[in-house]
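Student: Here is how the chains run, residue by residue.
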Amino acid sequence: MSATPLLELRGIDKSFGPVQVLRDVAFAAHPGEVTALVGDNGAGKSTLVKCISGIYPTDAGEFLFDGRPVTINSPRDAAALGIEVVYQDLALCDNLDIVQNMFLGREKRSGLVLDEPTMEQMAAETLAGLSVRTVKSLRQHVSSLSGGQRQTVAIAKAVLWNSKLVILDEPTAALGVAQTAQVLELVRRLADNGLAVVLISHNMNDVFAVSDRIAALYLGQMVAQVKTTDITHAQVVELITAGRSGALGLATDSGNGGNGHGAEPAGSTSGGVR
Amino acid sequence: MSATPLLELRGIDKSFGPVQVLRDVAFAAHPGEVTALVGDNGAGKSTLVKCISGIYPTDAGEFLFDGRPVTINSPRDAAALGIEVVYQDLALCDNLDIVQNMFLGREKRSGLVLDEPTMEQMAAETLAGLSVRTVKSLRQHVSSLSGGQRQTVAIAKAVLWNSKLVILDEPTAALGVAQTAQVLELVRRLADNGLAVVLISHNMNDVFAVSDRIAALYLGQMVAQVKTTDITHAQVVELITAGRSGALGLATDSGNGGNGHGAEPAGSTSGGVR
Amino acid sequence: ACGDNSGGDQAGSDKTPKIGVILPDSKSSARWEGADRKFLEEAFKAAGVQYDIQNAQGDKTQFQTIADQMITNGVTALMIVNLDSGTGKAVLDKAKSQGVATIDYDRLTLGGSAQYYVSFDNEAVGKLQGEGLSKCLTDKGVKNPVVAYLNGSPTDNNATLFKNGYDSVLKPKFDSKEYTKGPDQAVPDWDNAQAATIFEQMLTQTGGKIDGVLAANDGLGNAAISVLKKNKLNGKVPVTGQDATPQGLQNILAGDQCMTVYKAIKEEAKAAADLAIALAKGEKKETGQTVKDPEGGRDVDAVLLTPKAIYKENVKDVIADGFVTKDEVCTGAYAQLCTDAGIS
Amino acid sequence: MTTTVVQKEGPAAVTARPTLGSHVRNYVGRVRGGDIGALPAVLGLVVLCTVFSIMRPSFLTAGNFANLFTQGAAVTLIAMGLVFVLLLGEIDLSAGFASGVCAAVLANVVTVLGYPWYVAVLAAVATGVVIGTALGFLVAKIGIPSFVVTLAGFLAFQGIVLMLMKEGTNISVRDDVLVAIANRNLAPTLGWLLATVAVAGYAAVQLLRHRNRSARGLVTDPVTVVFARIAGLALILGVAVFILNLERSRNVLVVSLKGVPIVVPIIAALLVLWTFVLQRTSYGRHIYAVGGNKEAARRAGINVDRIRISVFMICSSMAAVGGIVAASRANSVDPNTGGSNVLLYAVGAAVIGGTSLFGGKGRVLDAVLGGAVVAVIDNGMGLMGYSSGVKYVVTGVVLLLAASVDAFSRRRSTATGSR
Amino acid sequence: MTTTVVQKEGPAAVTARPTLGSHVRNYVGRVRGGDIGALPAVLGLVVLCTVFSIMRPSFLTAGNFANLFTQGAAVTLIAMGLVFVLLLGEIDLSAGFASGVCAAVLANVVTVLGYPWYVAVLAAVATGVVIGTALGFLVAKIGIPSFVVTLAGFLAFQGIVLMLMKEGTNISVRDDVLVAIANRNLAPTLGWLLATVAVAGYAAVQLLRHRNRSARGLVTDPVTVVFARIAGLALILGVAVFILNLERSRNVLVVSLKGVPIVVPIIAALLVLWTFVLQRTSYGRHIYAVGGNKEAARRAGINVDRIRISVFMICSSMAAVGGIVAASRANSVDPNTGGSNVLLYAVGAAVIGGTSLFGGKGRVLDAVLGGAVVAVIDNGMGLMGYSSGVKYVVTGVVLLLAASVDAFSRRRSTATGSR
Ligand SMILES: Nc1ncnc2c1ncn2[C@@H]1O[C@H](COP(=O)(O)OP(=O)(O)OP(=O)(O)O)[C@@H](O)[C@H]1O
Ligand SMILES: Nc1ncnc2c1ncn2[C@@H]1O[C@H](COP(=O)(O)OP(=O)(O)OP(=O)(O)O)[C@@H](O)[C@H]1O
Ligand SMILES: [Mg+2]
Ligand SMILES: [Mg+2]
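Chains as they are written, first to last, in our numbering: chain A, 1 to 274; chain B, 275 to 548; chain C, 549 to 892; chain D, 893 to 1311; chain E, 1312 to 1730.
No lab work stands behind these hints, which were simulated from the structure alone.
Treat the hints loosely; a few may be bogus.
Cross-link-like lysine-lysine pairs, in silico, DSSO-like; alpha carbons within 30 Å at most [as the list claims (entries may be wrong)]:
1) K777/C - K1672/E
2) K1605/E - K1253/D
3) K1569/E - K688/C
4) K108/A - K1186/D
When you get a sec, could you build the whole thing from the sequences and use the hints?
Tutor: This is the structure we're talking about:
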């Protein structure tokens, strides 16, 4: 749709101690589009998301938001820009109940006092839209929720706000059939409303069902970012597992050995598990 | 295959305080077969698994193992019977490394001393069989692993041992394409080796691909347990979301209202979120 | 452990004499639980009055709580060893307002309202220690000796009084350059283990040049002696003490400690108990002595006893007094030393 | 008893409108399921009081009841502040001596410098705020574990008290207002008035809340339950005020002693204030969030460092209030004020009440209940007259007894796997 | 320095065979990434020692170096035991007075009852085991929080010490063997012998391990690194023994004072023993597991209750050893043995060394390093001769200083998000 991406990253590097996890990553998310971020386990998807949302500082690289360079040092900076994230590791406060978690950090107030009835009503409405039928009470601690229920709460929490960019890191991993369908529909709806959406998923059917663009990470490097219509299912899988597919992906001279042991792009001394 | 199930449960009830989560559940797992346990989010699948493995005490019901009644009061009892579980919430010790987690509670020793080299070798072999290519070191703390890597470690941990019954609670939720295929293959292989395998999954393709039987939980009640060949994809989805499908499932007189708001089978005062 | 049998007796409803005693702590000195309690009990039992003796464990909140509880329990006379004048005064005033007679035992509550004051003079104790130390240094013939101070707990007001006492003796000698003032440190909580470390560091700091140790009580003295022993300096450096504990007396017999201060607690307890019994019965006794309370500006009727310095020669006096028994002191290797010192 | 309990008790947003019967069933179910709120601490208290009453009938007199409050006040106040720090999973070992420092400042300002009492109180509380800010800064910004920071504080403040006390003497506090705090009582009518205001306020809040929720179609507790709660509070306060208004002087001719001790409304007001902050403001919500999952809180955009610093400030300020009460009770300040067992008792009070040392779980009411347990033990032991060795042992055993009543009544909670 | 450190340093099972160069690069990377093991505590120590040496040259004498060990021994030993309890996320407030009780038992058996020293030592340690079992039982089986149980123990044991001391009198310990523990030194040759044995043993373990791993084709550190480590240990031990074997008597004519203090090999042996238990046995592994994630450990079939009870037993037994050393050093036992700041110093030592109060993270070596920090502070402050108020303040500030060196060198670790 629009020409300038809402979020653009350039040359992101990120290491944990001696281990380099992201190498010179470029990434863009456009408003009104769903960008699927795919990659093998451990490719660095979640790390990239956490760099975007200010949880991890990056070692190098630029962030452009709406075309302007920005620095994001903490999740608060990201939220101020209008970035909402559903993290893979959910990050809910087990000692708080569903409503409390959903409004954490942005409680509704009337004067000084928390406006519990309003929050409860809003939470109930949002959850109802996500096909949650087994939650007994909105005042239940999230520690007593099932895996899928927790995930739904995390998703509901992220879409409650007026944001510009929503990033969902494997949001449907623990969801049932009906709930997954609802979430995918929601993702599409958000994009149609003009938001930029980034969806991380290992499910190729879901990816092809909702995404407009696909970005593939391979061992910490961004190997392709293309229109979904320009690529096939099989090509994406190849990109994920081998880092290249035909003309796409890593340059051949980096000597990738098929889909078994990919060469380590990072110059570190360590390789895969033997 | 064999006529007597390896594990049989009868009339299991389980409440958390005022909330009844399992109602009169019957369930059987046969050796040499993969039994898929399906159900909506919050149906009670994970709770059932935790009752089987002794994490939660049950309020009522019988356990038969190999035809003999048993009582399982703790995970140690379950392990002694040969039951291995991959929990949905993984339960790894973040402060230990991969090898230490995989052998937790069953360390290899030479004399008094831990036999680290042997454990490291065995761990490497098992993980290699699960398509793990991005783990930098087996001596990495699991806290630094990606979601899929953690899940792989938990699966590897459970299949290291000579057990009779392996229960996997959504084992492929966080896994990539290749890893998922490997795990499903592993599941099939375990069953072919004569183990009883229980697989919980929300992915119907996977369920139909590997399972011999399907058991469906609906709001804490077991609504059907049938051969995979006797049921269709659509029927299973109906069982999951509505509790009944044609002749299968809950009796009609309990008045299920289609697939929107299912009636609450538990007699409790609470219902879905409104 | 108490002769209190109050049963259903309602607070203040009858005037059966009953005496409450609050001791300050059990750690700054062994005397409170080891001697005072024993002698007071003896006296009260002999007089056939009810009594309740408690210890505040050095905690002044406790101290006040116990006082409240004693008043609740219906004591008619209250005898306190205050932890500090502030709480002491609060307790005395409260008791007075409830019609309970009061005695300051061993420590005078400044600005307080007690009817009597029975005590050893704590500054006099310090004076004896100072004099004792200079006597021992003179005996050893050390020229311009370096004297180290191992004071009592910095939070204990008595420690301050002791220090005032020995300072009054030693400070002039420091000023006149007859003695040299060495390290001067207080030992938190009278803790013997810390005392050992502190003294060891004093020794390190001065390069071993310490010729006399003014230790505020026998426990601290023993800590210093243990360090001196380690350096094989025991017996060469005189150490003082207080309380005439069996350990202190043994150290004196062995020549490791130069002196200790003996307070005839039995007499003090007896005097106080007599006054308390009289007060509890509603009688008034004359003491013949008074002490001026500098803060309250009133003259308090007082019984003042004098402490006694104990050297090797008169260790036997302490035993003869029944304060400690021969069995406690003359164990093992000390049997011979006892005989040498004329203890039979 | 307070709004805290109430909120816990209200399972909301369930479709069926609950009745009184279902409410009671629900409560029983929750208790059996382990979600028991203040019950264990209350049970422990009841057991303790029964034992002491049997052994020493004088335990059960009006005078002793009144004593309990003033005896436990300082520790309870410090414990209330500690709850905030514990809620984050931090610890403040220096709270005891911080109260000592603040008390020393108070005494110096009012007695040595001769300023009026309110200046002294302000100075003491300001000192508390400064101390808390410093501790919080070191913990949150420099990143030293709170145990180490506050251990350093424990040592340093001990020294500061000594220095303020000129190495070991004590300073009297003779200001009438200050002395009154822990030693005087409210006029009986004033006691009744305050109790009435409290009940009326509670009723207003409850009923408004009820009306508000039902107007929006949210699930509420039945009106009968709401009224039962209000009646319960009225009963408790009524009985307490009645007993405290009995004459308890041993000698009425000399002095008449009756009325609610002044510390009681002070503690009650602070209890309401802090409970309100924790339960009804977003700041309080954020404290729980940071204590439950620091990383989740950070991701939700909460300024974690600010929260961490602020709880230390609250803790040290409450320590200052505790120190003021202690100074008032002792009519003086000495170098041991806030020392000795004060800190361990205060942390113990919070923990006995049900606050977790790992953060995320606890209420200010816990500190008050736990403080009551500690005060009852101290009070009861004071009536027994054991020698000091025996007394220590018995105190330890009694503490254990109270805690095991608590543990047993919490038992089911772990058995069912819920937390 | 010990096998612990070594294991942490060995990243295993990477395909490329590391060279010395890559090893150094890796180490630097890890340090910059925050995985720094003992470095912060060591840095803190270095800074402290430098500061004290500049301010008081007598700090840097052989005699003072020897003093350090005996002064810090008791706290260090108690801290070593506490590490086990802290590893589970529990706390033992009673460890100090437990050591007092054990010391009192020792003194009574050897002095009052007149049994030989080994009977007394056995009795003391047995007392420790009994105490630990009781505490562990109350925590694990009854389910009372360890803070409350050990607070009760803190009170009760204080009383028991008083009772064993007959309400407050000291009991002398004059047995030669017992007094020797904290007051005598090894013969210089014996010191050298032990150091040699230690280095040889370490070398054997390292080289065997290296051979074993390379034989199996597992990744090992380069041989050069292994030798460097062995040489490092040899150097440290060599220098330490050399200094301790210098004459430090103030008057050689009166007495010759040289050699390694006897407590040093005792601490070293216990350090090796407990490090072995924690790092090389499945029991130790289970302790870490329970501390890291109790539920995961339970699911893995670990008997969590047994582990919990056992750590309290270890803690109290080590407290007994600490009590014996304290009694030896003081030549006597008084009612304050194990009281006062002993407990806070011991917990502080463990925490300063890097042990987490939340469980799952810590080593016995931490307690020794932290104990050294505490001992150095105490030792250095003792040389300064401040008045007690100032001394407290400076001690607190110095502690904070050491801890912030630690915090700053750990900084990167949080910045990069790793733990
Ligand atoms: N804190 C950390 N310290 C060290 N290594 C880390 C840390 N966090 C992640 N890693 C490593 O970085 C790599 C990428 O992790 P990341 O979580 O980004 O993967 P991912 O693409 O999200 O995988 P998945 O699909 O399994 O969720 C992994 O190899 C992981 O082990
Ligand atoms: N400890 C607990 N206390 C109270 N309720 C609980 C507890 N654990 C689970 N529940 C409730 O029991 C129900 C079943 O939970 P369970 O985890 O078994 O679901 P599930 O079938 O595994 O769902 P999912 O597919 O989302 O993993 C849920 O409604 C959940 O909220
Ligand atoms: Mg991920
Ligand atoms: Mg589940």
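Student: Indicate, hint by hint, whether the structure satisfies it.
Tutor: Verification of the hints:
For the suggested pair K777/C and K1672/E, the alpha carbons sit about 41 Å apart, so the restraint of at most 30 Å is broken. This hinted pair checks out: K1605/E and K1253/D have alpha carbons roughly 18 Å apart, not beyond 30 Å. Taken as a hint, the K1569/E and K688/C pair is honoured in the structure, with Cα atoms around 28 Å apart against an allowance of 30 Å. Between the alpha carbons of K108/A and K1186/D the distance comes to roughly 21 Å, so the proposed pair stays at or under 30 Å and holds.
Of the numbered hints stated above, the single one contradicted by the structure is hint 1.
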